[in-house]
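Enquirer: Below, each chain spelled out in residue letters.
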Amino acid sequence: MNLTLKVWRQKNTQTAGKFVTYKAEGISPDMSFLEMLDVVNESLIKKQEDPIHFDHDCREGICGMCSLYINGRPHGPKRAITTCQLHMRSFSDGETITIEPWRSAAFPIVKDLATDRSAFDRIQQAGGFISVNTGGVPDANSTLIPKVIADEAFNSATCIGCGACVAACKNASAMLFTSAKITQLGLLPQGQPERWSRVQAMVNQMDEEGFGNCTNTGACEAECPKEITLMNISRMNNDFFSAELFREEHTHDGGGNG
Amino acid sequence: MSLNANIPQGPLAEKWSKHKFNLKLVNPANKRKYNVIVVGTGLAGASAAASLAELGYNVTAFCFQDSPRRAHSIAAQGGINAAKNYQNDGDSVYRLFYDTIKGGDYRAREANVHRLAEVSVNIIDQCVAQGVPFAREYGGLLDNRSFGGSQVSRTFYARGQTGQQLLLGAYSALNRQINLGKVKVYTRHEMLDVVMVDGHAKGIVTRNLITGDIDTHAGHAVLLCTGGYGNVFYLSTNAIGSNVTAAWRAHKRGAYFANPCYTQIHPTCIPVTGDHQSKLTLMSESLRNDGRVWAPKTVETAEKLRKKEITAAQVKEEDRDYFLERKYPSFGNLVPRDVASRNAKEMSDEGRGVGTSGLAVYLDFADAISRMGEDTVRAKYGNLFDMYYQITDENPYKQPMRIYPAVHYTMGGLWVDYNLSTNVKGLYALGECNFSDHGANRLGASALMQGLSDGYFVIPYTLGDYLATIGPKPVDTNHPAFAQTKQDVIDNVNKLLALKGTKTVVEYHRELGHIMWEYCGMARTEEGLTKAKAMIKELKADFWKNALVVGENEEFNLSLERAGRVADFIELGELMVTDALMRRESCGGHFRLESQTEEGEALRDDEHYAFVAAWEFKGENQEEELHKEELVFENVKLTQRSYK
Numbered sequence: 013m014n015l016t017l018k019v020w021r022q023k024n025t026q027t028a029g030k031f032v033t034y035k036a037e038g039i040s041p042d043m044s045f046l047e048m049l050d051v052v053n054e055s056l057i058k059k060q061e062d063p064i065h066f067d068h069d070c071r072e073g074i075c076g077m078c079s080l081y082i083n084g085r086p087h088g089p090k091r092a093i094t095t096c097q098l099h100m101r102s103f104s105d106g107e108t109i110t111i112e113p114w115r116s117a118a119f120p121i122v123k124d125l126a127t128d129r130s131a132f133d134r135i136q137q138a139g140g141f142i143s144v145n146t147g148g149v150p151d152a153n154s155t156l157i158p159k160v161i162a163d164e165a166f167n168s169a170t171c172i173g174c175g176a177c178v179a180a181c182k183n184a185s186a187m188l189f190t191s192a193k194i195t196q197l198g199l200l201p202q203g204q205p206e207r208w209s210r211v212q213a214m215v216n217q218m219d220e221e222g223f224g225n226c227t228n229t230g231a232c233e234a235e236c237p238k239e240i241t242l243m244n245i246s247r248m249n250n251d252f253f254s255a256e257l258f259r260e261e262h263t264h265d266g267g268g269n270g
Numbered sequence: 006m007s008l009n010a011n012i013p014q015g016p017l018a019e020k021w022s023k024h025k026f027n028l029k030l031v032n033p034a035n036k037r038k039y040n041v042i043v044v045g046t047g048l049a050g051a052s053a054a055a056s057l058a059e060l061g062y063n064v065t066a067f068c069f070q071d072s073p074r075r076a077h078s079i080a081a082q083g084g085i086n087a088a089k090n091y092q093n094d095g096d097s098v099y100r101l102f103y104d105t106i107k108g109g110d111y112r113a114r115e116a117n118v119h120r121l122a123e124v125s126v127n128i129i130d131q132c133v134a135q136g137v138p139f140a141r142e143y144g145g146l147l148d149n150r151s152f153g154g155s156q157v158s159r160t161f162y163a164r165g166q167t168g169q170q171l172l173l174g175a176y177s178a179l180n181r182q183i184n185l186g187k188v189k190v191y192t193r194h195e196m197l198d199v200v201m202v203d204g205h206a207k208g209i210v211t212r213n214l215i216t217g218d219i220d221t222h223a224g225h226a227v228l229l230c231t232g233g234y235g236n237v238f239y240l241s242t243n244a245i246g247s248n249v250t251a252a253w254r255a256h257k258r259g260a261y262f263a264n265p266c267y268t269q270i271h272p273t274c275i276p277v278t279g280d281h282q283s284k285l286t287l288m289s290e291s292l293r294n295d296g297r298v299w300a301p302k303t304v305e306t307a308e309k310l311r312k313k314e315i316t317a318a319q320v321k322e323e324d325r326d327y328f329l330e331r332k333y334p335s336f337g338n339l340v341p342r343d344v345a346s347r348n349a350k351e352m353s354d355e356g357r358g359v360g361t362s363g364l365a366v367y368l369d370f371a372d373a374i375s376r377m378g379e380d381t382v383r384a385k386y387g388n389l390f391d392m393y394y395q396i397t398d399e400n401p402y403k404q405p406m407r408i409y410p411a412v413h414y415t416m417g418g419l420w421v422d423y424n425l426s427t428n429v430k431g432l433y434a435l436g437e438c439n440f441s442d443h444g445a446n447r448l449g450a451s452a453l454m455q456g457l458s459d460g461y462f463v464i465p466y467t468l469g470d471y472l473a474t475i476g477p478k479p480v481d482t483n484h485p486a487f488a489q490t491k492q493d494v495i496d497n498v499n500k501l502l503a504l505k506g507t508k509t510v511v512e513y514h515r516e517l518g519h520i521m522w523e524y525c526g527m528a529r530t531e532e533g534l535t536k537a538k539a540m541i542k543e544l545k546a547d548f549w550k551n552a553l554v555v556g557e558n559e560e561f562n563l564s565l566e567r568a569g570r571v572a573d574f575i576e577l578g579e580l581m582v583t584d585a586l587m588r589r590e591s592c593g594g595h596f597r598l599e600s601q602t603e604e605g606e607a608l609r610d611d612e613h614y615a616f617v618a619a620w621e622f623k624g625e626n627q628e629e630e631l632h633k634e635e636l637v638f639e640n641v642k643l644t645q646r647s648y649k
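Residue numbers (our numbering), protein chains in the order written: chain A, 13 to 270; chain B, 6 to 649.
Possibly wrong hints are sitting among the right ones.
[Unchecked claim] Short, incomplete list of chain A residues facing chain B, as computed with Cβ under 8 Å: (1) L46; (2) P63; (3) P150.
FYI, nobody ran anything at the bench for these hints, they're computed from the structure. The structure presented is a predicted model; accordingly, all values stated were derived computationally and were not measured. Even glycine gets a Cβ: it sits at the ideal position worked out from N, Cα and C.
One chain only, chain A, in its complex shape (with noise of 0.2 Å):
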């Protein structure tokens, strides 16, 4: 296959951006999409020309370091993968690919195609744990957790932290992310005792960070590599409410400012 490809290149946070046309040839529909940039990025440095910068690591779909906007949409045209396990069996030859950076002000661009996502960590420190140290604890089996509740929690804690729903969304809005976490920590029975905090903490630090509001367009939800559902949403949003209006816990003085 021979390719086109239309990369983002950006030296660094500070200054601008913009396209720079590459061609991609003698590709094997059976390289990933990732392999495929090895293989330009190999001809750039021969022919000592600065490589195209992306962030990658385990490139089987689990760590969330890939993060390639291809062609409009995040993580490219196929659902439920990450851009690490896109195969170039989807392009056609010839095709012309268009490849971007997420775009989001919360995830500045360190450099052509890799951003800081650093803000999705700082929600996590605002709450996104259960307060126990190391020992001293239960026996394991001492509470028993319906299997139902323990396979919900396990869908909502199979996000991978990726920052694909903040580039799908129009408001660059990271709930689903954020209300993923709630979610798995709110339904379990060793997340209720921190509940009401954890969601006021995390919905307040994911609102510092500069990230959007959800309007239920659902294309966080259409774009997540593990397939997450808007129901987190739903679930952090009735837990952030009921938090405010009925629970007594605040993080922030006077609270509600969600």
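Fit chain B to the known structure of chain A by using the hints.
Expert: Below, chain B alone, put in the same frame as chain A:
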């Protein structure tokens, strides 16, 4: 220097309890006066950083990824072992200990492995308390499954994403401590050296991967939790970024590297499709619980399959060789990884391999689907089947998977004593980064157990002993050793940036991988290893002459990052070959053709090789010096492993 493993005296089952009592404690009010550096945020690093911070120490953690959550522990699929005996099927701490010692082919320390089995039960409790959503039964209790090399069901799992769930649990504990101000994390920072002050590790030098800033950080102790070195083979199931650099640079500062040639080749990976391949993808070995491994009985049938003249489904039952079931009737498809891998390779070597390359055997679910129904199979393995389909474009519900062995895990690593301390004072190694618990072969679902055991339940005790000994005197980066080590790092970076030859560093990496796989992979010979050693020396000389590195230090520079890692892999590769040459026996994942039984099974040589090989760096381009730690077995009897 003599190698003292500091194994406590007394009966096996009492060693750890007794040792915990004997270890010095740090006064609670003094803990905040210590700073501990943790490099790597996978299962071992995140659990250690969080647990130490909970105790009151100040922790500085580093990872090269953009978030601590992305460490490669995240990719572990199958599960985590624990001797809970929830299934009432005869499991016990002793049985897990015994299975692990035997599975490691009697090349691990009894005391370490027993401790691992003891704390395994605490790990599950801890993870559940954190909200890790393990699989459950309808009654609400935890579910278990059996895993390669084990006859009891002791593996806890979260669908095919156990590593992810455990890591996110440890990450959440870490986040809590960041929130409380006890841990500071530096992401996108790569450790490039250890700073030694008066014979103690007192800090590290890092490069900020975005800005290129090279900085020094001081601490009372340095914990390396930087994973394994499987990427020395270029193709492996490791993440692209997984590397040996932190451990290797520590080695060059004096830390011994133990059993480097002990690498694990995992039997169930998706086969290679071509030269463009950048990594291999594992299919969890839990699949072997229900999948049956086979190859065609004859070379002729295999030939037809390779040419796609017939499909696997068209091969009649009597023309199939379920070789693991045939050769190992009591373990069948659940033989340990090394045995399964070697047998798959034999099939391909005999010309009975399938797939276009002939480098594959089948893993067939047709029986399982007809026995349990497609829905049950989907519920158990759905995500793995989907992954297979994405990569190969073949539907494993309709045709058997093609699998082939691939490098997966490295049992070797930095030498550590019972306290997880390297021979360098103040420098510790945890998780896959150390060599300690898996001997010459790791059992499935034991890596997660070891990473979390080291981080949650061992280091919080053993580190205190060292810290109490050195006292809380502040450490800072003003000592001249920091400036000197930083300068060494800068010089090395500049040396790499000056390489303006014609070959990219990826090309060198691929070449190294070919040498390692061919001569230091599943089967090794004296002749092949000798040849490999010369080839690697040549490759190294050529690298420093003809490699091409682009760009500058003061930017995000993938070419420079990779160059440093490949240079270290080349040096490690040579040491692995040296170690493999020295070990003239077959054991665990390591098969020496010169040492086999009449039936062609691995033949150990306990008389000459029941020791840990710990290698000391003696200077650039010098042969390393071997130190032996004899392995003493007081509780188990060494037998030839048999899974028949």
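Enquirer: Given a cut of 8 Å on the nearest C-beta pair, is the interface hint for P63(A) held or broken against chain B?
Expert: Hint holds; P63(A) Cβ to chain B Cβ min 6 Å, cut 8 Å.
Enquirer: Going by Cβ atoms only, is L46(A) closer than 8 Å to chain B?
Expert: 7 Å, holds
Enquirer: Given P150(A) as an interface hint, is its Cβ closer than 8 Å to any Cβ of chain B?
Expert: 7 Å, holds
In this structure, every one of the numbered hints holds.
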